[in-house]
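Chains as they are written, first to last, in the working numbering: chain H, 42 to 343; chain Z, 42 to 343; chain D, 42 to 343; chain G, 42 to 343.
Don't read these hints as lab results, they were simulated from the structure. A portion of the hints provided could be inaccurate.
Identical chains share a label here; the pair holds if one copy fits it or two copies do between them.
[Claimed, not checked] Each computed DSSO-like pair below joins lysine-lysine, with the alpha-carbon atoms no more than 30 Å apart:
| # | residue 1 | residue 2 |
| --- | --- | --- |
| 1 | K70 | K205 |
| 2 | K320 | K207 |
| 3 | K78 | K131 |
| 4 | K287 | K131 |
| 5 | K78 | K134 |
| 6 | K175 | K257 |
| 7 | K112 | K327 |
| 8 | K248 | K137 |
| 9 | K287 | K248 |
| 10 | K287 | K134 |
| 11 | K207 | K257 |
Listed below are the residues making up each chain.
There are 4 protein chains.
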Amino acid sequence: MEKYLRSDLALELNEEIEDSSIDNGIEIKNIDNYNGKIRESIIYIKNSIGAELLGKPVGTYITIEGDELCKEDEDVHQLFSQCLRDNLDKLLKGSKKILVVGMGNRFVTPDALGPYVVDNLFVTRHLISEGIIKNSIELSAIAPGVMAQTGVETQEILQSLCSKIKPDIVIAIDALAAREPSRLGRTIQICDTGISPGSGVGNQRAKLDATTLGVKVIAIGVPTVISVPAIVNQVVDDMLNFFMSKPGGDRIELTDEEKYNLSCNFLEKNLISMFVTPKNIDESVKRISFTISEAINSFFEL
Amino acid sequence: MEKYLRSDLALELNEEIEDSSIDNGIEIKNIDNYNGKIRESIIYIKNSIGAELLGKPVGTYITIEGDELCKEDEDVHQLFSQCLRDNLDKLLKGSKKILVVGMGNRFVTPDALGPYVVDNLFVTRHLISEGIIKNSIELSAIAPGVMAQTGVETQEILQSLCSKIKPDIVIAIDALAAREPSRLGRTIQICDTGISPGSGVGNQRAKLDATTLGVKVIAIGVPTVISVPAIVNQVVDDMLNFFMSKPGGDRIELTDEEKYNLSCNFLEKNLISMFVTPKNIDESVKRISFTISEAINSFFEL
Amino acid sequence: MEKYLRSDLALELNEEIEDSSIDNGIEIKNIDNYNGKIRESIIYIKNSIGAELLGKPVGTYITIEGDELCKEDEDVHQLFSQCLRDNLDKLLKGSKKILVVGMGNRFVTPDALGPYVVDNLFVTRHLISEGIIKNSIELSAIAPGVMAQTGVETQEILQSLCSKIKPDIVIAIDALAAREPSRLGRTIQICDTGISPGSGVGNQRAKLDATTLGVKVIAIGVPTVISVPAIVNQVVDDMLNFFMSKPGGDRIELTDEEKYNLSCNFLEKNLISMFVTPKNIDESVKRISFTISEAINSFFEL
Amino acid sequence: MEKYLRSDLALELNEEIEDSSIDNGIEIKNIDNYNGKIRESIIYIKNSIGAELLGKPVGTYITIEGDELCKEDEDVHQLFSQCLRDNLDKLLKGSKKILVVGMGNRFVTPDALGPYVVDNLFVTRHLISEGIIKNSIELSAIAPGVMAQTGVETQEILQSLCSKIKPDIVIAIDALAAREPSRLGRTIQICDTGISPGSGVGNQRAKLDATTLGVKVIAIGVPTVISVPAIVNQVVDDMLNFFMSKPGGDRIELTDEEKYNLSCNFLEKNLISMFVTPKNIDESVKRISFTISEAINSFFEL
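All chains should be modelled from the sequences, with the hints used to inform the complete structure.
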């Protein structure tokens, strides 16, 4: 069940490390930007110790956060778009041929982020090869659908596509699972280590990274769901703390196994494959997908 | 918080009544149909005692259940469609002018059931008034969107529309909240008392019934979500039972208020306005919306 | 068949008036704006003579045009949005309670403009009545669907809704039919006389205007289709001119009736209910719907 | 311009052959099925003479037609589904690993047929490789989008995907262009020679066939549009016939070049990249996509 409890956000994983004072191979930089409207956190996982601790590969994890990200305010949206663009620019390092992959299922609202981004991109690859535009970055894009729709691993589709069209870099857009409800729709994570689609909600798929695709993979992710196990686990912890604090509570012995079973017990009932999402998820997914597509499109304005 | 814990299903509410042996104004009839593929339960709330007990108005609540309802099997789908049609037929009592209302937000997958049903209906009202078809039931349909999309209560939209086009009866289709995960996508509830949209997920809206619309309202509902409070509450209960069973546990005193606060505590963190839904909700909503639209369309086959 | 040939654009209707030098009750003002990127034409139909000539009610018809309107350029889109906002501002004359109606069928791409605009609006009516925001314009919105979907005239739905929620003004968004292919997706028409939905493609519906709704109706329209009869008629005219110019051609007599029958003849074959639209209509409808929704939303930025 | 005038239907191309009495390498078989509700025509192009005449590769072209195909009648839909299934069965010849490709753009209604079919398929490839189901045909599916969306030729995407997942056969679903308005939404063409996407509307894309994909390609196509040039050309022909029949008309000389220029002249004005489609295209595309997906799914019912 462990895998169901994980957050996809390096930031949240890092918050759980108990003693971060020692040199654990993880370095963090926090920046307040745009008059405090955007918080940027950059986590560098520098070696295998840090990778082991966070359960993420060595690399750079940038988090952009702001309470107003999901608001209907054109000006705020432009700030975030600009901030995302600047961060992407550093990671793209002058790549000229970009393939954007919209991960996820367009028919399940919190999972539709990737396809929605692709829907709004200004692709140029065919225009360049037809000689219609020149001197532009070459952008191609695909939203292949999830395995339940295609019967094929996204990894397989992308491996074959990359070997055919040979991009310099892949940008994979995906919806993520967070642990903290207040982060949903208010956070964008960019990393240079690729993604394991669906890992945060226990739906482990084959990885997309430089090893599997033969080309560097930048991942842009937005938390849109919390896994049910993450919530149940939190309630169980809260309850334990409560009981322990009651008179006589400290005399109750509870082994780790018992605690684990308590969580599992409830989750056996179909819930393990469910997710939690806010009622207005349609608005935030639409809004943020637009923020991301504008950031990517801005590389192509002539 | 009480309202967030409720199920929209009369069947689930009834399961919680502790002593159902006495005459409590509730009568239940269970039928196994179609070689056991469909279970029908009819709950009659006969008087105000029953209504108070179940928290639902006096009337008839029919539940159609079957594990195969969400399967991709055309034959099973036809059985359910037929069973739904037969039950509707009894409740419609020869109504000639029907307005179908697709409640919910088409852009949030588990809430899109109502709009999807309307998308597949064969409306006839305009064809009859233009003289193109004759001797048919007059069907009109609308999927007005939710208040966050329109700024207007669905009740207001329907009150005004009903006063204009004067249907004999309204059929309102809506996604419901259940308590039991295994019921999601496997249950259809039909009742003759109208609906309180969003009641099961704490999003109380103005009622749609004979009193507010001036015309009888049949409601067809399918549970597609569980409220987060319902799940948290269940975990809290499980934990309490566990602790009480431990040596020394029975000495821990826990007032009702403490128990209530335990649940609330966790839910303060934004979660109260979230819902839980299965990953494959897109498939079951599409499938069942089709089952329902076929049942309604079958009244119009000439 | 006459009705099928009409353009919905006052600008195109005016271009056909042969002698516009005399005082015919029509006054035109042309403005080049934003460094020539936007052409504004304002046609004032001042009296019944002008109304008869153009086949449109007395009122103001503003046309905003620009080749770049359908481009994927965020800056251009903001210019148009600003220009549309300024023109709306004049026509709204301080209205505080606005109902936006997205006309059309969201499932037929060139007809989806209205619903797409509504999808992106920031409605406030419910937030004001719940006391969540203050001092804002009250915006409500609905995309009721077309008669083939609902069985009900949009006029009926809006008459009843307006009598219930009593807006100061209605803004109706609709896709239009033009005659000139180069105008598709490059023109926005705003007028203060309401609309006759579907008139340009021979699909005459009940009018939406101050007389029928009891409240002033501003219409925002974008040409997305050409009627097949308009195209056929043009080909017939071209052919006639060609033949007349050939040696011996002038001896061929052709009555108006014969000419009319020629057009009709071809159109009898189902074509009369078809329309012509560009292959990339999805992109331009999405783009312009966003331009329009941003213009309307800008009234609500605090 | 020649390419813009073509029909995608072998049946229509064959109707234009003037003398079909001689042995031209084309053989036709007509069958009336299901009490006359379905007309089946099988055209065998047997050699290069026939291929040259029809402008289609050597192979089998089956056309299923019926006026009721676009009706909302569940029973009729099942007849067509059954008939399509039977024909597919013959062409599949026991293939065990099938890849279905939904060609076209899901956001342009008449082009959405392919994606809609894929949306409703019951894919099994992943279920088989995970051992969840056994003894089933292996179905995978993809709706990759058009080049304007992806920047990549569909041929490139499929070449790479086929080399990866190695299907026995590809079924490509696509919307077609017809010449005869009455055929739109009432005809399904199945052939065993693959497809040239977009050929009928002058939008020539790279071919999908055994040569390019390395695996046999069955194409299922439904005419949903007519090209504007096809309509203009027809009007020009009608006009010529009319003038020739007038007294003095026979004296007007018109070279082929003049005639060709007449058609082109009008089409220069942007129209060449437009298409003609019926107003209710949303209903027929949805309906027929369902007929096709049911036919394919029926291979998987256990």
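Hints and how they fare:
When the C-alpha separation of K70 and K205 is checked against a cutoff of 30 Å, the pair qualifies neither within a copy, at 39 Å, nor between copies, at 42 Å. With identical chains, the CA atoms of K320 and K207 are at most 30 Å apart between copies only, with a shortest distance of 29 Å across copies and 40 Å within one. Taking CA atoms no more than 30 Å apart as the test, K78 paired with K131 passes inside one copy only; the shortest distance there is 21 Å, against 34 Å between copies. In this homomeric assembly, K287 and K131 never come within 30 Å of each other (Cα to Cα): the closest approach is 53 Å inside a single copy and 57 Å across copies.
Taking the shortest Cα distances, K78 and K134 sit within 30 Å of each other inside one copy (27 Å), while across copies they are farther apart (35 Å). In the homo-oligomer, the alpha carbons of K175 and K257 lie at most 30 Å apart inside one protomer (25 Å), although the nearest pairing across protomers, at 37 Å, exceeds that limit. In the homo-oligomer, the alpha carbons of K112 and K327 lie at most 30 Å apart both inside one protomer (11 Å) and across protomers (21 Å), since each shortest distance falls under that limit. When the C-alpha separation of K248 and K137 is checked against a cutoff of 30 Å, the pair qualifies both within a copy, at 24 Å, and between copies, at 28 Å.
In this homomeric assembly, K287 and K248 never come within 30 Å of each other (Cα to Cα): the closest approach is 46 Å inside a single copy and 44 Å across copies. Proximity of K287 and K134 under a CA criterion of 30 Å is satisfied in neither setting, with 57 Å inside one chain copy and 60 Å between copies. In this assembly of identical chains, K207 and K257 lie within 30 Å of each other by CA distance both inside one copy and across copies; the values are 11 Å within and 26 Å between.
Comparing the model with each earlier hint shows violations of hints 1, 4, 9, 10; every other hint is respected.
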